[in-house]
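Colleague: The chain contents come next:
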Amino acid sequence: MKKEDINVCIMRVAGTNCDAETKRAFDDLGVKAEVVHSNEIVKKRNLLDYSALIFPGGFSHGDYVRAGAIWAKEALAKIGDDLKEFVEEERPILGICNGFQVLVEIGLLPGFEGIAEYPEAALATNTPIGYHCSWVYVRHENSGKCIFTRKVAKGKVLRIPVAHAEGRFVLPKENENRYLEKLYGNDQLVFRYCAENGEPANGQYPINPNGAFHDIAGICNPAGTVFGLMPHPERSYYGWQLPDWTRRERTLTYGDGRLIFESVVEYLTKKF
Amino acid sequence: MRYRVKIEVSLKPGHSDPEGETTAKSLKGLRYPVETVKVSKVYEVFLHAKSLKEVQRHADEMCRRLLANPTKDNYRFNIEEVK
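Residue numbers (this note's numbering), protein chains in the order written: chain A, 1 to 272; chain B, 1 to 83.
Careful: at least some of the hints might be erroneous.
[Stated by the list, open to error] Sample of chain B residues at the chain A side, in silico, Cβ under 8 Å:
{"hint": "1", "residue": "H15"}
{"hint": "2", "residue": "P18"}
{"hint": "3", "residue": "E19"}
{"hint": "4", "residue": "K25"}
{"hint": "5", "residue": "L27"}
{"hint": "6", "residue": "R31"}
{"hint": "7", "residue": "R64"}
{"hint": "8", "residue": "L67"}
{"hint": "9", "residue": "N69"}
{"hint": "10", "residue": "P70"}
{"hint": "11", "residue": "T71"}
{"hint": "12", "residue": "R76"}
{"hint": "13", "residue": "N78"}
[As the list claims (entries may be wrong)] The following label-pair restraints were derived from C-beta to C-beta distances:
{"hint": "14", "chain 1": "A", "residue 1": "A116", "chain 2": "B", "residue 2": "N78", "range": "48 to 58 Å"}
{"hint": "15", "chain 1": "B", "residue 1": "S51", "chain 2": "A", "residue 2": "A116", "range": "45 to 55 Å"}
{"hint": "16", "chain 1": "B", "residue 1": "E19", "chain 2": "A", "residue 2": "M1", "range": "41 to 51 Å"}
{"hint": "17", "chain 1": "A", "residue 1": "Q204", "chain 2": "B", "residue 2": "K53", "range": "27 to 37 Å"}
{"hint": "18", "chain 1": "B", "residue 1": "E81", "chain 2": "A", "residue 2": "G80", "range": "32 to 42 Å"}
{"hint": "19", "chain 1": "B", "residue 1": "R64", "chain 2": "A", "residue 2": "P200", "range": "51 to 61 Å"}
{"hint": "20", "chain 1": "A", "residue 1": "G15", "chain 2": "B", "residue 2": "K53", "range": "31 to 41 Å"}
{"hint": "21", "chain 1": "B", "residue 1": "R64", "chain 2": "A", "residue 2": "L180", "range": "18 to 28 Å"}
{"hint": "22", "chain 1": "A", "residue 1": "Q204", "chain 2": "B", "residue 2": "F46", "range": "23 to 33 Å"}
{"hint": "23", "chain 1": "B", "residue 1": "V34", "chain 2": "A", "residue 2": "R45", "range": "50 to 60 Å"}
{"hint": "24", "chain 1": "B", "residue 1": "E19", "chain 2": "A", "residue 2": "K43", "range": "36 to 46 Å"}
[Unchecked claim] Think about it this way: if two alpha-carbon atoms lie no more than 30 Å apart in a straight line, the pair counts; the simulated BS3-like pairs of lysine-lysine are:
{"hint": "25", "chain 1": "A", "residue 1": "K270", "chain 2": "A", "residue 2": "K154"}
{"hint": "26", "chain 1": "A", "residue 1": "K182", "chain 2": "B", "residue 2": "K12"}
{"hint": "27", "chain 1": "A", "residue 1": "K73", "chain 2": "B", "residue 2": "K25"}
{"hint": "28", "chain 1": "A", "residue 1": "K173", "chain 2": "B", "residue 2": "K6"}
{"hint": "29", "chain 1": "A", "residue 1": "K173", "chain 2": "B", "residue 2": "K25"}
These aren't lab readings, by the way, just hints derived from the structure by calculation.
Values in this document were obtained by computation on a predicted structure and should not be read as measured data.
Using N, Cα and C, we set each Cβ at its ideal position, and we do this for glycine too.
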């Protein structure tokens, strides 16, 4: 697929945010991206016209019931078949923050056996409690499965901000160790919260900003084509988005978040 | 027939409850002899159905499909016929 043929769908509903920043990131890479309301997709049944799908951040439907739950179940009920086909064809799906919550609630992540009937993980209320917004460091743990981080070396530390109240990644207590082994075994673990030097957070706040199990900040499905993460890569796309950009000796043109967008564009141009 | 289904969604044992912990801390600060607090969510759902069995089926499905995430949540409900 030529770069100019790529057509990214950034889906929105009431309460989503950063859809414009996500679009700008793709625009900067010379890729066409459209912000489309989910009602339009339902009405036109045209999800499969797009090469990639992004569930952006925000507080979809007020985050009522659980963050991301209402949007997830609505998507399953109304465009579930198209979504399934999208995944089977290995077209990429990215969930950022609220989008990650949506992918988990849909059953696409961790998605050990495809789309799970019921969620196999959850993004629970932060510990300590409350909305947490700050710049964090995440260490790249993936060995090449995740198509969204192929341009990131394993072990590289990225600086990306988080902004959420329900971001504590948890697995069912009865299957915690088994599922963690599966995440490692399938190369599904992508980002873990860490210190600036890459040392693991070991649950320590605020290095791990939400109390996530095993410091997990982002995971992908077994195929590596569905990826969700709590940090916002579109908020660290440009160098001038960094909190210390004016204090640096040399202003960076781009931030670490760009690597994620570059990786998916490269995947699309090579795979299709 | 019209029914009221009162659904309670609570955290499974072993999952931390930051809302409960924060609330307990606050109540202790108000000098109540509080040990722990557990927070759960209650939904009152009103619906029409032909039988009690049908309501039970709907309620169970609602919990499994939307109101509870089995990773961390338990749920229970009681059903009452109302006017």
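Colleague: Answer holds if the nearest beta-carbon of chain A is closer than 8 Å to that of R76 of chain B; otherwise answer violated.
Modeller: 17 Å, violated
Colleague: Range first: 23 to 33 Å. Now tell me if the beta carbons of Q204 of chain A and F46 of chain B are that far apart.
Modeller: Violated - the Cβ-Cβ distance for Q204 of chain A and F46 of chain B, about 46 Å, lies outside 23 to 33 Å.
Colleague: If you take the shortest Cβ to Cβ gap from L67 of chain B to chain A, is it below 8 Å?
Modeller: 6 Å, holds
Colleague: Close enough to count: is the Cβ of P18 of chain B nearer than 8 Å to one in chain A?
Modeller: 4 Å, holds
Colleague: Mind checking the hinted window 32 to 42 Å against the Cβ distance between E81 of chain B and G80 of chain A?
Modeller: 34 Å, holds
Colleague: Between the beta carbons of Q204 of chain A and K53 of chain B, is the distance compatible with 27 to 37 Å?
Modeller: At roughly 51 Å between Cβ atoms, K53 of chain B and Q204 of chain A fall outside 27 to 37 Å, so the hint is violated.
Colleague: Starting from K182 of chain A, check that the Cα of K12 of chain B is at most 30 Å away, please.
Modeller: 23 Å, holds
Colleague: With respect to the beta-carbon atoms only, verify the hint that E19 of chain B and M1 of chain A lie 41 to 51 Å apart.
Modeller: Holds: the Cβ-Cβ distance is about 47 Å, inside 41 to 51 Å.
Colleague: For the pair supplied as a hint, K73 of chain A and K25 of chain B, confirm whether the alpha-carbon distance does not exceed 30 Å.
Modeller: 35 Å, violated
Colleague: Under the criterion that the straight-line Cα-Cα distance not exceed 30 Å, is the pair K270 of chain A, K154 of chain A satisfied?
Modeller: Given that 30 Å is the threshold and the Cα spacing comes to 21 Å, the pair holds.
Colleague: Close enough to count: is the Cβ of K25 of chain B nearer than 8 Å to one in chain A?
Modeller: 10 Å, violated
Colleague: For a C-alpha distance cap of 30 Å, please report whether K173 of chain A and K25 of chain B respect it.
Modeller: 26 Å, holds
Going through the hint list in order, the structure does not satisfy hints 4, 5, 6, 12, 13, 14, 15, 17, 19, 22, 27.
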